[in-house]
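Participant: Please build the complex by placing chain B on the supplied structure of chain A, with the hints as guidance.
Chain by chain, the residues run as shown.
Number of protein chains: 2
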Amino acid sequence: MSHVTILGTGNMGQAIANVVTKGGNSVELFNSSDVAKPITGDIVILAVLYPSIAKVLEERADQLAGKIVVDITNPLNFETFDSLTVPADGSAAAEIAAKLPQSRVLKAFNTNFAATLHNGTVGTEPTTVLIAGDDTDAKALLAGIVSAGGLKAIDAGSLKRARELEATAFLQVTLAAGEKVGWTGGFAVIA
Amino acid sequence: MSHVTILGTGNMGQAIANVVTKGGNSVELFNSSDVAKPITGDIVILAVLYPSIAKVLEERADQLAGKIVVDITNPLNFETFDSLTVPADGSAAAEIAAKLPQSRVLKAFNTNFAATLHNGTVGTEPTTVLIAGDDTDAKALLAGIVSAGGLKAIDAGSLKRARELEATAFLQVTLAAGEKVGWTGGFAVIA
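If you're matching them up, the sequences are chains A and B in order. One point on numbering: in numbering that gives the first Met the number 0, the residue at position 46 of the first sequence is 45, and numbering is uninterrupted. One point on numbering: in numbering that gives the first Met the number 0, the residue at position 151 of the second sequence is 150, and numbering is uninterrupted.
It is worth saying that the hints were derived from the structure and are not from the lab. Fair warning: there could be bad hints in the mix.
Same chains, same label: a pair holds when it works inside one copy or across any pair of copies.
[Said to hold, decoys possible] Dumping the calculated DSS-like pairs for lysine-lysine here, alpha-carbon to alpha-carbon at most 27 Å:
| # | residue 1 | residue 2 |
| --- | --- | --- |
| 1 | LYS54 | LYS98 |
| 2 | LYS66 | LYS21 |
| 3 | LYS159 | LYS66 |
| 4 | LYS179 | LYS21 |
| 5 | LYS98 | LYS66 |
| 6 | LYS98 | LYS151 |
| 7 | LYS179 | LYS151 |
| 8 | LYS54 | LYS66 |
The shape of chain A in the complex, shown without the other chains:
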């Protein structure tokens, strides 16, 4: 059994907590007022909005050493809705990995709308979690938790692919915001 800490109690944090517990794994779910509580999970999911990541890392960097850290953020420019806020040749995940050299950083869940994690479906297709990272064991562990929770998981390659995962999610968000797809739909991954 894995023990997972989720930092952030918003839609995504709750939806991921639900997936984890559904698979028989345990969760502690912390919000911003729980900053004094120590992290006890082996896997830590940063389920906060991108602008809050810097603060979380400042508060928790020491505790994240030795852990698997999962970045789910989409660094959108919410004012213009026309670009990402990270450098074009980088990603939020790469920035986080650079700040956490003692952690194994994964990118996952960022291409999943919260409702598709709750429902287990994108429309009528099974929800697939794309996982990128440089540590194969860490990816396999997270994939196992996702699969146990009733979703599909796919290894999407090295952490460098976070750039494309963030671009894909950005595109998907613009389609949903423009009412071209619903928040229960979007991109389904078809084997």
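Facilitator: For chain B alone, kept in the frame of chain A given last:
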């Protein structure tokens, strides 16, 4: 009725030609030996691989003035399979638009595997063509041709979104090349 010129007789050129004629629109399909034949279509689809685009534009730029030009390329680095070959803050479509100031340039079909255009499905979901561009009328005309041909079409925003369309397609290709999805599958767009 629209008349469409397709430059390139590979899998994608043939699949798109099939969609166009299925919808009752007409096609002329040119390969590289047809360079002397004048373009007669109002819409011109550049269905060649990205490395051949520069040559096509050199040969045809004058004839493309006043036309709707559709870029379907994915500028992958086929040696490393680990990046795109266009600048991180740009896109193949942006490069083509810069070289064709007299044309209305659209990005489309680059997120569709050829088999999904032929089959009309991604797995069992209807195939959706994502279309980006700065000219609303041009996008609507292409969307009409796609819809008449039995596929779904979605306006994916301004030509700036070509960057995300190319990143999404790159991710999809890496998943297919890694046998995580099939070439008849990939990303289905679920409303």
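Participant: Each hint needs a verdict: does it hold in this structure or not?
Facilitator: Hints, verified against the model:
Taking CA atoms no more than 27 Å apart as the test, LYS54 paired with LYS98 passes inside one copy only; the shortest distance there is 12 Å, against 44 Å between copies. For a Cα distance limit of 27 Å, the shortest separation of LYS66 from LYS21 inside one copy, 22 Å, qualifies, whereas the shortest one across copies, 55 Å, does not. Taking the shortest Cα distances, LYS159 and LYS66 sit within 27 Å of each other inside one copy (20 Å), while across copies they are farther apart (38 Å). In this assembly of identical chains, LYS179 and LYS21 lie within 27 Å of each other by CA distance solely across copies; the values are 25 Å between and 31 Å within a copy.
Taking CA atoms no more than 27 Å apart as the test, LYS98 paired with LYS66 passes inside one copy only; the shortest distance there is 13 Å, against 49 Å between copies. Taking the shortest Cα distances, LYS98 and LYS151 never come within 27 Å of each other, neither inside one copy (30 Å) nor across copies (43 Å). When the C-alpha separation of LYS179 and LYS151 is checked against a cutoff of 27 Å, the pair qualifies both within a copy, at 25 Å, and between copies, at 11 Å. When the C-alpha separation of LYS54 and LYS66 is checked against a cutoff of 27 Å, the pair qualifies only within one copy, where the shortest distance is 18 Å, while the shortest distance between copies is 51 Å.
Checked against the numbered hints above, the structure breaks only hint 6 and satisfies the rest.
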